[in-house]
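Chains as they are written, first to last, in my numbering: chain A, 1 to 496; chain B, 1 to 357.
Hints listed in this document are in silico derivations from the structure and should not be mistaken for laboratory results. Cβ coordinates follow ideal geometry from the N, Cα and C atoms, glycine included. It is possible that part of the hints are untrue.
Restricting the straight-line Cα-Cα distance to at most 30 angstroms, the calculated cross-link-like pairs of lysine-lysine (DSBU-like) are [what the hints assert, rightly or not]:
id: 1; chain 1: A; residue 1: LYS243; chain 2: A; residue 2: LYS105
id: 2; chain 1: A; residue 1: LYS243; chain 2: B; residue 2: LYS78
id: 3; chain 1: A; residue 1: LYS460; chain 2: A; residue 2: LYS180
id: 4; chain 1: B; residue 1: LYS78; chain 2: A; residue 2: LYS168
id: 5; chain 1: A; residue 1: LYS307; chain 2: B; residue 2: LYS78
id: 6; chain 1: A; residue 1: LYS227; chain 2: A; residue 2: LYS180
id: 7; chain 1: A; residue 1: LYS168; chain 2: A; residue 2: LYS180
id: 8; chain 1: A; residue 1: LYS180; chain 2: A; residue 2: LYS243
id: 9; chain 1: A; residue 1: LYS307; chain 2: A; residue 2: LYS243
Among the chain A residues that face chain B by a calculated CB cut under 7 angstroms, a handful are [to be verified]:
id: 10; residue: ARG117
id: 11; residue: ALA128
id: 12; residue: ALA129
id: 13; residue: GLY162
id: 14; residue: ALA195
id: 15; residue: ASP197
id: 16; residue: ALA205
id: 17; residue: GLN229
id: 18; residue: ALA231
id: 19; residue: ALA249
id: 20; residue: GLY255
id: 21; residue: THR295
id: 22; residue: GLU324
id: 23; residue: PRO356
id: 24; residue: VAL420
id: 25; residue: THR423
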Amino acid sequence: MGADERNPAIEPRRQQAVAAALRAFLPPQSVLYEAEDTRPYECDGLTAYRRVPMVVALPETEEQLRRTLQTCHAMEVPVVPRGAGTGLSGGALPLADGVLLSMAKFMRVLRVDPVARVAVVQPGVRNAAISDVVAPFGLYYAPDPSSQIACSIGGNVAENSGGVHCLKYGLTVHNVLQVKGYTVEGEPFTFGSEAPDTPGYDLLALAIGSEGLLAVITEVTVKLLPKPQLAQVVMASFDDVEKAGAAVAAVIAAGIIPAGLEMMDRPATRAVEDFVHAGYDVDAAAILLAESDGTPEEVAEEIAHIKAVLEAAGATRMTVSRDEAERLRFWSGRKAAFPAMGRISPDYYCMDGTIPRRRLGEVLRFIAELEKKYGLRCPNVFHAGDGNLHPLILFDANDAQELERTERFAAEVLEKCVEVGGTITGEHGVGVEKIDQMCVQFRDEELEIFHAVKRVFDPKGLLNPGKAVPTLQRCAEFGRMHVRGGQLKHPELPRF
Amino acid sequence: MSEAVQSLADRVRAAADAGTRLRLRGGGTKDFYGGTLEGEVLDTRLHSGIARYDPTELVVTARAGTPLAALEAALGEKGQMLAFEPPHFSQSGSAATVGGCVAAGLSGPRRIAAGALRDFVLGAVLLDGRGRVLRFGGEVMKNVAGYDVARLLAGSLGTLGVILEVSLKVLPRPVEEQTRRFECSQAEAIERLNAWAGQPHPISAATWHAGVLRLRLSGAAAALRAAAARLGGEAVAAHAAAQYWDAVREQRHPFFSGDSPLWRLAVPAGTGPLALAGEPLLEWGGALRWLRSDLEPMLLREAAARAGGHATLFRARNKSAGAFAPLNALQMRLQRGLKAAFDPQGIFNRGRLYPEL
Chain A
1 MGADERNPAI EPRRQQAVAA ALRAFLPPQS VLYEAEDTRP YECDGLTAYR
51 RVPMVVALPE TEEQLRRTLQ TCHAMEVPVV PRGAGTGLSG GALPLADGVL
101 LSMAKFMRVL RVDPVARVAV VQPGVRNAAI SDVVAPFGLY YAPDPSSQIA
151 CSIGGNVAEN SGGVHCLKYG LTVHNVLQVK GYTVEGEPFT FGSEAPDTPG
201 YDLLALAIGS EGLLAVITEV TVKLLPKPQL AQVVMASFDD VEKAGAAVAA
251 VIAAGIIPAG LEMMDRPATR AVEDFVHAGY DVDAAAILLA ESDGTPEEVA
301 EEIAHIKAVL EAAGATRMTV SRDEAERLRF WSGRKAAFPA MGRISPDYYC
351 MDGTIPRRRL GEVLRFIAEL EKKYGLRCPN VFHAGDGNLH PLILFDANDA
401 QELERTERFA AEVLEKCVEV GGTITGEHGV GVEKIDQMCV QFRDEELEIF
451 HAVKRVFDPK GLLNPGKAVP TLQRCAEFGR MHVRGGQLKH PELPRF
Chain B
1 MSEAVQSLAD RVRAAADAGT RLRLRGGGTK DFYGGTLEGE VLDTRLHSGI
51 ARYDPTELVV TARAGTPLAA LEAALGEKGQ MLAFEPPHFS QSGSAATVGG
101 CVAAGLSGPR RIAAGALRDF VLGAVLLDGR GRVLRFGGEV MKNVAGYDVA
151 RLLAGSLGTL GVILEVSLKV LPRPVEEQTR RFECSQAEAI ERLNAWAGQP
201 HPISAATWHA GVLRLRLSGA AAALRAAAAR LGGEAVAAHA AAQYWDAVRE
251 QRHPFFSGDS PLWRLAVPAG TGPLALAGEP LLEWGGALRW LRSDLEPMLL
301 REAAARAGGH ATLFRARNKS AGAFAPLNAL QMRLQRGLKA AFDPQGIFNR
351 GRLYPEL
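Construct the entire structure; sequences and hints are all you get.
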């Protein structure tokens, strides 16, 4: 975890000047600067970091947005875009010298074309709302982050969000066809197309997952898929976490791509079962949820195949959902895993590393060792199909010492993910939270390229500065201070 | 750093110092594609081989010079495939490479169901214009650390740097395939394909040409039987079907022979028949329209743009109209900026994508 290094004080005269400039074209209720109005924006889903923004702007039209950007650019005011504020990496953490640009009022569904299977929506539309709107046509939008009832599609684009079905259906980048928006200078652009590709470099791919550092989007065209006729899920118990991990590999090796393939360890299933009563086997060391979808013929064949593979891999108990209600109940536990942790601990800290699946056992043993080392509990939920881990460290934020231990615990886990050939973030983004670990995953030359890419879109560095990509100075500082396995890097060098 | 990478990096640094232009080349099977070929050839084939492949991870990492056929054979042995079915365009004596495949960014018939090449790129090692070896993305399915530079390389035609190594997502081969044939007009074909795409049918390829619509179905045996019954049409014998899809993918189908310019129009799938002189062949449910036509490039490009797409002059003796549709001012400014970020001296594949890059 790493807070950012920018100046934390709001300068009142600057605040007055920026607010006045924005009120010249924004309605009064769209420019907030009194602390009681701006405080609700002080953090996103990562509540450990809070900062009250200098000004909050809530444009309602594209013209207002364009002028907001032009004004901020002319006055050299940093701009932090924000969607629904559900992000888990502090990507929308405000700046004390910046404008927090809320896209919450861009919440219209502009067009649904059931024949072309696309929906065109504004960025403030909630992820789940898209599937609701297109359901009468037998269509849906596939990426389903656990926060889908609250998170917005604009935020999904910024983070390249995933979900529990992305092994088969892909991430946001695979399901968004086009974005429209404005550069930091207020120039309109379109990246991507409803045609299968565009000439030149794939700027759509670059924009998706760029954490609000390259441009601001005002319109998203998503691909819609026909809703599978049937979905069924197998819930399987294992008496050993590593056996469950091997079972996942066996399913893939058998040539099956399940629609969803999730794993939870016993501490996670117990917390969840007390909360939502999903019917989980709380005596199992780990449970797997494997979903099959498609036509009834496909599902029948695939479920039989999955069961045979899991049985051979040592499953001690298996239940297949009998109807849609039971299927949703099995998933309800997985989707409620995070709030369930909130019931058994004052705070929880969610990590998001991805690893090659074959290293799962090693990483879980490593986490178990860290639980002892730091004296903190850490249940695990795991998008097993794609290697994305969500260990949840349970702690009490009111205990400063415990928070600090949590941060060190989390940093060690993320660095382990890099060491085994994985990544520090699979779907939550870097934000401010993992900015120091970027120095572990990337070398200076690679970070330089990221900064150069940023300058192409935003030469003055005004869009969401201090997030996602660390400065080289910061990494140098981090490298000097970084203790690994009880050893400073280069212990032969004198310190302080 | 291997000896091969060292030697490539030395060449690049020397070229950057001297301002010499380099032409990145694997098997040269796609030399016909894109704009001009400029500079001294930098052959990537000495950096070859599959670096890592674990079928249960659904990821393969291969070096640039690896023959695409060798990669596909290695995947086939484990019952897996590159689901985007990239065209090789290999001729006798020249074999497509993995690096060239990613740089060209082209996908084949299965793109309609599985997605495009860019959707399968997970990571890449790049030799940039300063001769630095850079690693982006990785070997895992989900990775949002840093900008998605690896995916940006797909279709960049070697203008951003030398793709040294690439990690691709792979998928299991379908259990069974079956091809159905229907006689209908182009307009009917487009209408049917769009209607079917809105329903859960296991369609993995579709073409329409000369009054015949062909569908390939992929999946479990029971599912294919059910789908065939619902969709109708007549079955095509398995061997002939396999040959047909391969001929479309590799452009060995008679439609692609001859000298008249071959245009590639990418349009929204629901676009009706384009009123353009010339013979069309449709793929990807109507979203990809090959056209043999001597029409004015400007007319063709305007028609594609009106439909919401773009037109590429894919194969032609005369490409003075530019291989790719022109970009607007902002797009060109951003693309030039990206080129300069990776290749500040402008040494790689100048003019291959656009004269300005």
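Each hint tested on the structure:
1. A:LYS243 to A:LYS105: Since the Cα atoms of LYS243 (chain A) and LYS105 (chain A) sit roughly 48 angstroms apart, the hinted pair is violated (cutoff 30 angstroms).
2. A:LYS243 to B:LYS78: 23 angstroms, holds
3. A:LYS460 to A:LYS180: This hinted pair holds, its Cα atoms lying about 22 angstroms apart.
4. B:LYS78 to A:LYS168: 19 angstroms, holds
5. A:LYS307 to B:LYS78: 22 angstroms, holds
6. A:LYS227 to A:LYS180: Cα-Cα ~27 angstroms, so holds.
7. A:LYS168 to A:LYS180: Holds, at about 27 angstroms.
8. A:LYS180 to A:LYS243: 46 angstroms, violated
9. A:LYS307 to A:LYS243: 15 angstroms, holds
10. ARG117: Status holds, d = 6 angstroms.
11. ALA128: Where the cut-off is 7 angstroms and the nearest Cβ of chain B is about 20 angstroms from ALA128 (chain A), the hint is violated.
12. ALA129: Violated. Min distance 20 angstroms.
13. GLY162: 5 angstroms, holds
14. ALA195: 3 angstroms, holds
15. ASP197: Holds - the Cβ of ASP197 (chain A) comes within 7 angstroms of chain B, reaching about 5 angstroms at its closest.
16. ALA205: Given a least distance of 4 angstroms, the restraint on ALA205 (chain A) holds.
17. GLN229: 6 angstroms, holds
18. ALA231: 11 angstroms, violated
19. ALA249: Interface hint status for ALA249 (chain A): holds (4 angstroms vs cutoff 7 angstroms).
20. GLY255: Since chain B brings a Cβ to about 4 angstroms from GLY255 (chain A), closer than 7 angstroms, the hint holds.
21. THR295: 5 angstroms, holds
22. GLU324: 16 angstroms, violated
23. PRO356: Constraint on PRO356 (chain A) satisfied, holds at 5 angstroms.
24. VAL420: At about 10 angstroms, which exceeds the 7 angstroms cut-off, the nearest Cβ of chain B leaves the hint on VAL420 (chain A) violated.
25. THR423: 4 angstroms, holds
Checked against the numbered hints above, the structure violates hints 1, 8, 11, 12, 18, 22 and 24; every other hint is satisfied.
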